[in-house]
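*Asks:* Residue numbers (numbering that gives the first Met the number 0), protein chains in the order written: chain A, 0 to 242; chain B, 0 to 109.
By construction, these hints were calculated from the structure, which means they are not laboratory data.
Since the model is a prediction, treat every value here as computed from it, not as a measurement.
Any given hint could be a false lead.
[What the hints assert, rightly or not] Here are the computed lysine-lysine pairs in the DSBU-like style, where the Cα-Cα straight-line distance is at most 35 Å:
| # | chain 1 | residue 1 | chain 2 | residue 2 |
| --- | --- | --- | --- | --- |
| 1 | A | K7 | A | K93 |
| 2 | A | K97 | B | K35 |
| 3 | A | K7 | A | K182 |
| 4 | A | K231 | B | K35 |
| 5 | A | K93 | A | K182 |
| 6 | A | K182 | B | K35 |
| 7 | A | K7 | A | K231 |
| 8 | A | K97 | A | K231 |
| 9 | A | K7 | B | K58 |
| 10 | A | K182 | B | K58 |
| 11 | B | K35 | A | K93 |
| 12 | A | K231 | A | K182 |
| 13 | B | K58 | B | K35 |
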Amino acid sequence: MRDRGIFKQAFLRTIPVMMGYVFLGFAFGLLLQRAGYHWLWALAASVLVYAGSMQFVLVGLLTQGASLLTIAVTTLVVNSRHIFYGLSFIDTFKAMGKRGLYMVFSLTDETYALLCSTTPGSSPEDTKRLLFNISALDQCYWVCGSVLGALMGNVITFNITGIDFAMTALFTVIVVEQWLTTKNHVPALLGFTCAAIALVALGPDQFLLPALTACMTILLVFRNPVERYNRKVAGVSNPQETH
Amino acid sequence: MEFRATLLVILVAAGTTLLTRAIPFLLFGRKRSIPKSVSYLGAMLPHAVMAALLVYCLKAIEFGAMGLWIHEILAVLITIAIHWWRRNTLLSIVVGTASYMLLTQGLLGI
């Protein structure tokens, strides 16, 4: 019973990612199939690589016949933002034993976002199960989407243009939720500002990594004032908490 | 499209992806205690990263082409408003996505 409750909770939390992943996975499978690859390759890529944006890049690299070194360097650059994600979960994943290894492997943008916004369960073990279920469900959606796309690319009956906005909506909700539950808005404003400046300066294809590096550097350099500000805003209790 | 070449490409991409995700754990996983600056970053960075990722989602907006970016910005504003009001994640995402689909498919005539 308890397992089913946790699974249901994880399922409800992952529905937004499901909408985004099934659609995006479908698009990936479709692309790979159009490039002349068997659907099993879509399955293999989504099970083994499991990196949304990188897999789209991979289709291009495969068809170009790029060298393995090019593949490795490109993957490193496209996925380098993932280096920042693990920092928030070192203790959590360490405590999860073997499941922790899968948690590291499956830490995509969207899963990271969901895990960040997941509140602890009634016991540490429940929390671990919840986190694991969320990660595993997310990958299931992605794998199902890719295989479906590769198998039945031409059989879409209704207009699904724009459904990939689910991903943007998910990030929007997370930013709003973080904004409403924290008193220190400096990191959020910093992230937004750095990304906006980098986007304008560097263009859409390579702005994220410099933006994230700038955020981290600025946070580290101004650690003392930020921590002082943290203590200050935490010390002032706000009686009118929303909800 | 040889079998071995394709398999190698996928394995290299898989290995490198795993490496990027494992780096923090390889650096700090063995130590009993994590340096204070690292746990400070772990607490502060998610807020910055999420805001940056939201910009990343909207990066394809081309301000030159009238119409398309209006749809994205409108749908994001609708999502923000709904979430601020109800604090229900699924509701916000369904309404936000549906409004974007309606806007972008031209069903609202905007």
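*Asks:* Would you mind marking each hint as holding or not holding in the structure?
*Replies:* Now the hints, each set against the structure:
1. Note on A/K7 and A/K93: the hinted pairing holds, with a Cα-Cα distance of about 25 Å set against a maximum of 35 Å.
2. Using a Cα cut-off of 35 Å, the hinted pair A/K97 and B/K35 holds, with the two alpha carbons roughly 26 Å apart.
3. This hinted pair checks out: A/K7 and A/K182 have alpha carbons roughly 31 Å apart, not beyond 35 Å.
4. Distance check on the hinted pair: A/K231 and B/K35 sit about 19 Å apart at the alpha-carbon level, within 35 Å; holds.
5. For the hint linking A/K93 to A/K182, the alpha-carbon distance of about 29 Å falls within 35 Å, and the restraint holds.
6. Distance hint between A/K182 and B/K35 is fulfilled; the C-alpha atoms sit about 21 Å from each other, no more than 35 Å.
7. A hinted pair counts as satisfied when its Cα atoms are at most 35 Å apart, and A/K7 with A/K231 does not qualify at roughly 39 Å.
8. The straight-line distance between the Cα atoms of A/K97 and A/K231 is roughly 40 Å, outside the 35 Å bound, and the hint therefore fails.
9. For the given pair, A/K7 sits about 34 Å from B/K58 by alpha-carbon distance, which is consistent with the 35 Å threshold.
10. For the suggested pair A/K182 and B/K58, the alpha carbons sit about 28 Å apart, so the restraint of at most 35 Å is met.
11. Simply put, B/K35 and A/K93 have alpha-carbon atoms about 17 Å apart, close enough for the 35 Å limit, and the pair holds.
12. The hinted pair formed by A/K231 and A/K182 meets the criterion: a straight-line CA distance of about 10 Å does not exceed 35 Å.
13. Taken as a hint, the B/K58 and B/K35 pair is honoured in the structure, with Cα atoms around 34 Å apart against an allowance of 35 Å.
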